[in-house]
Structures are given as structure tokens and as C-alpha cells.
Amino acid sequence: MSESKPLSAEEKKRLLRERRAAKMAGGKATNRLNTILTQGSSVKSSSVTSVLDKEDSPSPSPSGTTGTTVGSDDLPTATTTALDIHNNHDDDPDIQDISAFSSPSPDPEKLLNSTQDIDDMFTKIFSGADGATGPGEDQFAQMMKMFGQAGAGASAGAGADGPSPEDFFAGTPVQNEEEHQYQREVAAYNLYYHKQWKFRFLIIRFSFILINFFYHFLTIPTFKASSYSYIRDISYDTTTTTSFIVWFTTGELITIATYFLISMKYDLFKTTTENSIFIKILSFGSSFLPQLQQYRPLVVRCLSYYELLGIFLADLSLVVVLFGLLSIS
Amino acid sequence: MLDWIDLHPYTLLIITFIILVSQEIIGFIGKNQLQEFVWLVYVKVGTQLSLSDSFKLYSTKVSEIQRLNKEKRLISAQDEYAKWTKLNRQVDKLTGEIAQLKDELSKNKSSINSLVNLFITLLTTVPLWFFRVWFRKSALFYLPPHYLPHTLEWILAIPFFPVGTIGLTVWIFAVKQVISSLVFLLTFPFEQPTSKPVKVEKVVEVKN
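Line order of the protein sequences matches chains A and Z. Numbered per our numbering, the first sequence spans residues 1 to 329. Numbered per our numbering, the second sequence spans residues 330 to 537.
Excised from the complex, chain Z in its bound form (with noise of 0.2 angstroms):
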């Protein structure tokens, strides 16, 4: 009933090495950041399909405030008092309007945020941890003997396979060691350079 779930090595090799590097990419965009992009995305293609009458209603009500606080900035208080009131009225209404719709649109953004943090765990973390459980006795891949020392081999052999055996535990490890350094190598040029501080001695007047 599970056959389906017997992978081959190597393409359990290839997923976790895809997993490990999309984890990464995650770490390095930020969380932050992809929920933002995933809401701007939903706002622009919700309004376009009109998928809630939220957002349009929302854009509309934001122009027509702006066009009204236009509007108002161009005629004087003083002379047009009645006008600048009526004026005044509707943008304070329009204000309390727009309000109501930014809690309904940001309840919505608090369920897209939950919606992409739901879909970066079954992405990334249940599946490690699914295959953890599920091949923890399946050998990756086996090394070729007398390339490397057998005291080596038996460290990577860790935590109960044969000698020259690779496992998931191990091959986890190694990804992990090398994205990270991959990353470093790819991001360290882009760090601003920091300059040797130097310290300034305060000379201190004594009044005679």
C-alpha cells in the first residue's frame, strides 16, 4: 500500500537536496518578506479577478480621498467656508470608511500570512522530518572503497549503516555544510566593507 512511497536513492538524494537548498533560499529571502510579496500578489490578482469587493471598494475609496483632500487644499477656508466643510465632512467619512476596510483587508492578510507560513512547513520542514522517520535505514549512496580511510568511512557511516555507507542523517549534514558555505562565498562580496575604527582622545582643558 506504501509501495508508492518507496523512493529510489537517489531521487530521495535529489529531493532533500532540493528541500535542504529551498530551506536556505527561504532563510535568506526571509519569511517576512515572502508574505509580503504573496499578499501584493493576492491584492493585485483579488482585484483583477474580483475576488473581494474589498480591495476594489478599498482602491476606490483611497483615490477618492486623495481627490478630495486635493480638492480642499485648493480653496480657502476662509472664503469658501460651506464648500471646505461639506469637503471636510466627506473626507472624514471616507477616513472612518477606509478604517473598517484596512481591519477587513489586514484580517485577510493575517490568513495569507498563516496560508504561506502552512505552505513553507509542508514545503521544507514535514518532509525532512517525514523522510528522517520513514528512511532512516535507507542507504543514499556507497562510497568507493579505499578512496578514503575506513576510519572516515565508518564516522560517515554514522548512525547504523555498513562502512562506506551514506545515509540521510549524514547527507543532511554534508548539504547543509556546503550550502551554507556556498551562501557565505556568494553573499560575503556584497557586504559593505567596514573601516578601522579610531578612537578620539578628548583633551580635557584645566582652568587655572
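The shape of chain A in the complex, shown without the other chains (with noise of 0.2 angstroms):
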């Protein structure tokens, strides 16, 4: 049989006290008695006699008809006999799965095994594939103690005054994930930056160098390239023709080195070094061999001037693009 909606408390309460009564007026209550003593054993060592089956008993006992813990005190039991007569609902447990009373297994059993479950669990975190229980339970002490004193001075294994290793266990990933995407922003910040600065200097060496090659171009009729090998015969007054070269040059130091100071300043190559898959190469082979982490600066200094040494390419390169384009002749 199977339930097509999910049962409200009230009903779950009043299912389990039909069962119950129906159970009770069933007699062998007895039997249930001793077998809940015994803790489901197939050896009946336990001779009581329910108070159910007592007929000159009015008083019902408690132990056989409610779910209380084996090892609890007389105090819920008292509570429960002066209650019991005037108000049958207060006995009842909190809700519960009505499988949980098909089984022979006993509430106490459960509640007794559960911190063992949790001990098991730690254990088989801690102690590994060889499921050691010796190694696993010191590490468990010792992750406890590291938790006690985390918590500012609880004692190991406190419960409900110190933080509770769920606690912690909950917290560590969602801080590292805080952590994460704090540097996750950083370095999208640090790039953004770089590149601010980049985009500042390629305008300002562009415009440098389209001001000096069009100036050149336009007053030395000689300043210019062709498809043909002649005018590598030509000769040329070199006054004129060293002027170009002067203001380039110039040009290219002042910028370089200005956007050298400021990267050194705002650690600009930073950003282009830690992406750079030298430096990737490098931490991974770093795992291996330790002793290459010795490299590290050095390597971090070259890509620093082969970023510098880039810039001056990247402006040669627009010398020789202009000179290809007006190169028709």
C-alpha cells in the first residue's frame, strides 16, 4: 500500500495511537516487553511480566507503552503515570516515521548507536582506505582538540557550549570560496589596470610615431620605400636622413622607460607574469623539483623585458607597415 499524499502531524499522531491500542488490546504484551529488555536477542533473558497483563493492575506502566529510553531515569516515567490518566495525547512521541514501529529495533538502541555512527564516520574520514581504527581515532582526538581551540577555548568534543565540528566543516568551504572570488576579483582588477595603462601608452606612442614618420614623410622626398632595388643605390645627404632615426629612438627610451617606472610602481608585470605559461610550467615542474623555484625571479625579470622589449617591436612595426603601405612607386 502506498500513501498518495504526505500524512499532516495530526494524523501521523493519530495513526500511531490506533496502532498502539490495537496492539495493546491484541494482548502479548508481554512478550513486546521483554522483547524491548532483551534489545531484540533471540535469548529471552529478561521474565517480567507487563503490566497490561496484570489484571489486578489498573496503572498502566509507562516502559511498556511509550517509547522512553532504556537507561532514562524514574523522572519521565513518574510524568508520564500522572499524565497518562488525564491526557492520553501528551504521551505520544514527536511525529515519526510510522516505519520506524514496524521494526523490531527500539528508539534507546538508536539513540544509543548514534554517537557511535558519528565515531564511525569520523573515523572512517580520518583513519583512510585501511580503515585503522587506532590511527584514525588519534587523528580524531587531535582534529577535535584543533576545533576546541579554534572555537576560543571551548574544550574537545564540548557539544552544545563549544562550536561543534559541523560547524566547522560548514564554514571552511563557504570562506574559501570567499576567498576565492576575492581573488578571483583581484586579478580581473589588477588585468583591467594593466591594460588601462597600456591602452595610455600605445596612444601616446602611436601618436609619436604617426607625428614623426608623416612629418619625415612629407618634408624629405627621399623618405620613402619602393617595390624596386634601386633606391637602395641611391645616395642620401645623411644629415636629413638621420633625424628620423634621432626622434624615434628618443621616442622609444622616454616611453619605455616611463612605462617601466610605473610598472615597477603599480606592479603592473605582475599581471602579465603570473599569466604567462613559463611561470605556469615553472610552479608545476616546482612540484617535482623544488629547487626550481630559485628560477622564479629570474624568469619573472625576463618576461618583465621581453613585455618592454614587445613595446619596441610592436613600434618598429608600425615604421614598417607605414613605409610597405606608401611603398608605391
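Just so you know, the hints here were simulated from the structure itself, not pulled from any lab data. Check each hint, because a few of them may be wrong.
Using 25 angstroms as the maximum straight-line C-alpha spacing, the simulated DSS-like pairs for lysine-lysine come out as follows [said to hold, decoys possible]: (1) Z:528 with A:265; (2) Z:373 with Z:360; (3) A:195 with Z:390; (4) A:224 with Z:505; (5) Z:505 with Z:360; (6) Z:422 with Z:390; (7) Z:360 with Z:431; (8) A:270 with A:195; (9) Z:360 with Z:436; (10) Z:390 with Z:431; (11) A:195 with Z:525; (12) Z:525 with A:270; (13) A:280 with A:195; (14) Z:422 with Z:401; (15) Z:390 with Z:415; (16) Z:528 with A:270; (17) A:23 with A:12; (18) Z:431 with Z:399; (19) Z:390 with Z:401; (20) A:270 with A:280; (21) Z:373 with Z:431; (22) Z:412 with Z:390; (23) Z:431 with Z:385; (24) A:195 with Z:528; (25) Z:438 with Z:385; (26) A:265 with Z:525; (27) A:224 with Z:466.
Put the two chains together into one complex; each comes in its own frame, and the hints tell you how they fit.
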């Protein structure tokens, strides 16, 4: 039989009461009581008689009718006896799964085993595949101590007062995720900041080169390339021919030096080096050969200088392209 | 026989420049975007010119199923059960047919995508490789002497040209550098600015 819709709390309570009443009316209360007391073992070592089977005892025994713990004190029993006559509903346990009552295992056993289950779980986590309980327990004790210390002085395994291990397990991934998120945002910002400076310098460089080139192109008739080789044999006045390269070199020195100083000040090279494949290879190789780490500063410096060389090559490329596009003759 | 391939250096220079610019534009737009665009054009043109029955049939069936769904929503399943069931059957049948047509069209789409890829390869990659092989010893242009240092001219003459000569290798490298710089210049102003992140320090309350 299957339930078409979930039962409400009241319905569940009612169903439990009816089942219990039916069981009690069916008799065999003594057997059930002895089963509970012997914890379901096949050897019936207990031989108590249930009050339900006792005809001269009107008051019901709470241990046979309610699901109290085996090791519990008399206080809950007395309370239950006093209230039982007036209000049966207060005896009812909290809402439970009906399937729990169909199985012979009683609640007290579950409660007893729950702490053992938690211990087993932690043991399995920390002891690994071999399942050794000795080292696992030591690790567990150490971990609990660590949590206790980290939880501002609470004793290890304190429970209610101190932080529970579950809190730390729940918090660590969240903190790591926030840290990762922050690092990602920082990396994105650094990249954008680096690009911003590159953009500014690119405008300055290209503007300077274009002005320099077109000034000489328009003022000096011989300042042009050609598809024919005769141009290499023509003699030129060297006083006018050197001005272009002088201005070009001066501009390059100033811009590259300024870019280098700004990059060192704002640590702009870090973005380039962090994303560089050489650094990634070095980091990967360091996990096998730690002595490779000593070359990291050298590689970082080389990558920084390579970026500066790239600036010069880009500017020279612009000059070549301008010569080429204007080489029609 | 192959004289027609012997291009004037300046022609070669300009063609190479255009191919490299096209390559950069295609890279910037994205191959997938281009494929989608060509597919949309093909669908539109194909529907109008009736190149394939599938398009017309697909659009007809899609509009039909939209009409049936609208009609279904207007009537109550409980009050007009027979009519609702009939409409539902029609919708289910059309859904199956549309799925079949979609499969057919997706096969068409994959062939269109392959054609686009082939076109891009033929337009950009193959000519460059051909030029690199066929014109590997052709000088594109000569620099005016004494304007650049001799060392620089020697470097620019790589790999095996006389000093002061620019070959295809250096030209392709230079054009790529300039184009990437120009693309960066043009695209960076439109990039979303990123503000400096602020680390939020969590304050953990210690319960006494």
C-alpha cells in the first residue's frame, strides 16, 4: 500500500495511537516488553510481566506503552504516569516515521548507536582506506582538539557550549569560496588596470610615431620605400637621414623607461607574469623539483623585459607597415 | 604557365594586408557568430526562393502548432473534453513532425557550418601559406637607406634577404602586430571598467 499524499502531523499522531491501541488490545504485551528489554536478541533473558497482562493492576506501566529510553531515569516515567490518566495525547512521542514502529529495533538502541555512528563516520574520514581505528581515533581526537582551540577556548568535544565539528566543516568551504571570489576579483581588476596603462601608452607611442613618420615623409622627398631595388643605390644626405631614427629612438627610450617605472611602481608586470605559460610551467615543475623555484625571480624579470621588447617591436612594426603601405611607386 | 601567379610586389603586399585584416576581423567577430549569420540568411533566402521544402513546411507547422496551443488554452479541458483531446492529439502529432523537420534542418545547418569553415580557410589560411611558400624569396619592398641603422635593417631582412629588404615573413609579422594594437585601441574604450574589490572581513562572535 502506498500513500498518495503526505500525512499531516495530527494524522500521524492519530495513526500511531490507533496502532498502539490495536497492539495493546491484541495482547502479548509481556512478550513485547521482554523483547524491548533484551534488545531484540533471540535469548530471552528477561522475564518481567507487563502491567497490561496483570489484571489487578489498573495503572499502566509507562515503559511498556511509551517509547522512553532504556537508560532513562524515573522522572519521565512518573510524569508520564501522572498525566497518562488525564491526557493520552501528551504521551504521544514526537512525529516519527510509521516505518520505525514496524521494525523491531527500539528507539533506545538507535539513540545509543547514534554517537557510535558519528564516531565511526569520523574514524572513516580520518583513518582512510585501511580503516584502522587506532590512528583514526588519534587523528579524530587531534582534530577535535584543534576545533576546540579554534573555537575560542571551548573544550574538545564539548557539544552544546562549544562549536561543533559540523560548524567548522560547514564554514570552511564558504570561507574558501569567498577568498577565491575575492582573488578572482583582484586578478580581474589588476588585469584591467594593466590594460588601462597599456592603452594610454599605446596612444602616446602611436601618436608620436605617426607624427614623426609623416613629418619626415612630407618634408623629405627621399623618405619613402619602394618595390624596386634601385632605391638602395641612391646616395642621400646623411644629415637629414638620421633625424628620423634619432627622434624615433628618443621617443622609444622615454616611453619605455616611463612605462617601466610605472609598471614597477604599480606592479603591473605581475599580471603578465602570472598569466605567463613559463611561470605556470615553472610552478608545475616546482611540485616535482622544488629547486626550480629559485629561478622564478629570474624568469619574472625576463618576462618583464620581454614585455618592454614587445613594445619596441610593436613600434618598429608600425614603421615597417607605414613604409610598406606607402611604397607604391 | 604559372606566370599569372607572379604578382607585383605591391599587389602581394596589399593582398596579404587585406587577408590579415580579414583574419583579424573574423577572429574578432567569431566563427560561430558568422556561421549563425550565414544560416539565418540561408533560411530566409531559402524560404523565399523555395530552395528546400523543409523551411516552408517547418514554418507552416510551427505557426500551426502555435495556433492549436492558443486554441487549447482558450477552452476548458473539463467542459469540452472531446475537443480538447482532439486538439491535444493534433499538437502531439505536429510536435513529432516538427522534431523530424528540425533534425533535417540541423543536418542542413551542419553542412552550412562546414561550408562557412571551408570558405574562411580558403580565404585566409590557404592563401597565406601559399604565398609563404611561393613568394618566399620575393622582396616586397626596399627601405630607404640610412634612415634606419644597419643592424636594424639587417634584422628586418630576416630570413635570407639583402640588407634593407623586407620580405613576406617580416611583413606578415609587422602587420599582425599593428592590427592587434589597433584592435586593442579600438576595443578597450568599450570594455566594462572594473572597480577595485574590497575585502569583507567577517567578524565572528565568540559566545561565552
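Quick rundown of the hints versus the structure:
1. Z:528 with A:265: 22 angstroms, holds
2. Z:373 with Z:360: 20 angstroms, holds
3. A:195 with Z:390: 51 angstroms, violated
4. A:224 with Z:505: 22 angstroms, holds
5. Z:505 with Z:360: At roughly 19 angstroms apart (the allowed maximum being 25 angstroms), residue 360 of chain Z and residue 505 of chain Z satisfy the hint.
6. Z:422 with Z:390: 10 angstroms, holds
7. Z:360 with Z:431: 23 angstroms, holds
8. A:270 with A:195: 12 angstroms, holds
9. Z:360 with Z:436: Roughly 18 angstroms between the alpha carbons, so the hint for residue 360 of chain Z and residue 436 of chain Z holds.
10. Z:390 with Z:431: Since the Cα atoms of residue 390 of chain Z and residue 431 of chain Z sit roughly 11 angstroms apart, the hinted pair holds (cutoff 25 angstroms).
11. A:195 with Z:525: 14 angstroms, holds
12. Z:525 with A:270: Distance of about 16 angstroms is within 25 angstroms: holds.
13. A:280 with A:195: With a Cα-Cα distance of about 21 angstroms, the restraint between residue 280 of chain A and residue 195 of chain A holds, given a limit of 25 angstroms.
14. Z:422 with Z:401: Since the Cα atoms of residue 422 of chain Z and residue 401 of chain Z sit roughly 15 angstroms apart, the hinted pair holds (cutoff 25 angstroms).
15. Z:390 with Z:415: 17 angstroms, holds
16. Z:528 with A:270: The given pair, whose Cα atoms are some 20 angstroms apart, holds under the 25 angstroms limit.
17. A:23 with A:12: 17 angstroms, holds
18. Z:431 with Z:399: 22 angstroms, holds
19. Z:390 with Z:401: 16 angstroms, holds
20. A:270 with A:280: Satisfied, since the Cα-Cα distance of roughly 13 angstroms is no more than 25 angstroms.
21. Z:373 with Z:431: 16 angstroms, holds
22. Z:412 with Z:390: Between residue 412 of chain Z and residue 390 of chain Z the Cα gap is close to 20 angstroms, so the pair holds against 25 angstroms.
23. Z:431 with Z:385: The given pair, whose Cα atoms are some 12 angstroms apart, holds under the 25 angstroms limit.
24. A:195 with Z:528: 23 angstroms, holds
25. Z:438 with Z:385: Distance ~16 angstroms between residue 438 of chain Z and residue 385 of chain Z Cα, so the pair holds.
26. A:265 with Z:525: 17 angstroms, holds
27. A:224 with Z:466: Holds, at roughly 22 angstroms.
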